[in-house]
Amino acid sequence: NAGVMQNPRHLVRRRGQEARLRCSPMKGHSHVYWYRQLPEEGLKFMVYLQKENIIDESGMPKERFSAEFPKEGPSILRIQQVVRGDSAAYFCASSLLDSYTEAFFGQGTRLTVV
Amino acid sequence: EDKVVQSPLSLVVHEGDTVTLNCSYEVTNFRSLLWYKQEKKAPTFLFMLTSSGIEKKSGRLSSILDKKELFSILNITATQTGDSAVYLCAVEETSGSRLTFGEGTQLTVNP
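Chains as they are written, first to last, in our numbering: chain W, 1 to 114; chain R, 1 to 111.
In short, the hints are calculated from the structure, not lab data. A couple of the hints might just be wrong.
If you only want the chain W side, here are some residues facing chain R, beta carbon under 10 Å, derived [claimed, not checked]: (1) Gly16; (2) Ser24; (3) Lys44; (4) Phe65; (5) Ser66; (6) Gln80; (7) Val83; (8) Phe91.
Just so it is clear, CB atoms sit at the ideal spot from N, CA and C, and this is done for glycine as well.
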C-alpha cells in the first residue's frame with residue numbers, strides 16, 4: 001500500500017501562470033487535507049475535502065485558490081495567476097476517518113514562483 | 001483564534017543528551033494533540049494524545065499531555081544524530097477538519 005503521493009515534487013512557475021498540485025491519497029482513504037508551509041513558518045491548514053465534497057475551506061485564500069477531490073483520480077489544488085508570495089511547500093494528508101487518527105502526510109510539492 | 005506555541009524554537013545538543021520540547025496551546029474545541037517529526041519532507045507521526053497524565057512511549061521518545069494547564073512535552077532520551085529534525089506539535093479540533101500547528105522546534109544533535 002503506497003503512501004500518500006504528491007506530484008510534482010518541485011514545480012517552478014512564472015508569475016501569472018497556473019499551478020496544479022496533485023495528491024493521491026492512500027488506498028481506501030476518502031478524506032484529504034491540504035496544508036501550506038511558508039518559509040520559516042509552521043504548516044497552515046487550507047482545505048479539507050471528502051470525495052466530491054469540500055467540507056472546510058476556511059483556510060483557503062478567497063481568490064485564485066481552489067481545490068477538488070473528484071470521485072475518480074487525485075485531489076487537485078489549483079492556484080491561478082501565481083505570485084511570488086505563493087512560493088511554499090504544499091502538503092496533503094489523507095485519512096480513513098474524519099479525523100487525524102491514522103492520517104498520513106505526503107512528501108509535499110515545493111512551488112517556486114519566479 | 002486557536003494558537004499553538006512551541007519552545008524552544010531551536011536546540012543544539014550533543015549525542016547522548018536528553019531533551020525536552022514544550023508545546024502549549026489555546027484551542028476552543030480540543031480533540032487531540034499530535035507530535036510529528038519533519039526532516040525536510042513529509043511530517044511523520046509520532047504520538048497522538050487525548051487524555052491527561054497518560055504517557056505515550058515509543059523507544060527513546062515519550063510524551064505526555066496536561067489538559068488542565070494546556071501543554072504537552074516531548075522527551076527524547078539518549079539523543080542520536082538521526083534525531084536531528086524539526087519537531088512539530090499540532091492540536092486537532094473536535095470537528096476533525098484541521099490541525100493547528102506550532103512553528104516547530106529545530107533540534108540539532110551533534111556527534
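Against the structure, the hints come out as follows:
1. Taking 10 Å as the C-beta cut-off, the interface hint given for Gly16(W) is violated, the closest approach to chain R being about 29 Å.
2. Checking Ser24(W) against chain R: minimum C-beta separation of about 14 Å lies over 10 Å; hint violated.
3. Contact between Lys44(W) and chain R, as hinted, is supported at the beta carbon level, the nearest pair being about 7 Å apart and thus within 10 Å.
4. This hint is violated: Phe65(W) has a C-beta 16 Å from the nearest C-beta of chain R, more than the 10 Å allowed.
5. Because the closest C-beta pair between Ser66(W) and chain R is about 18 Å apart, greater than 10 Å, the hint is violated.
6. Hint status for Gln80(W): violated, given a least beta-carbon distance of 24 Å to chain R, over 10 Å.
7. Checking Val83(W) against chain R: minimum C-beta separation of about 24 Å lies over 10 Å; hint violated.
8. Among the interface hints, the one on Phe91(W) holds; its C-beta lies about 7 Å from the nearest C-beta in chain R, closer than the 10 Å criterion.
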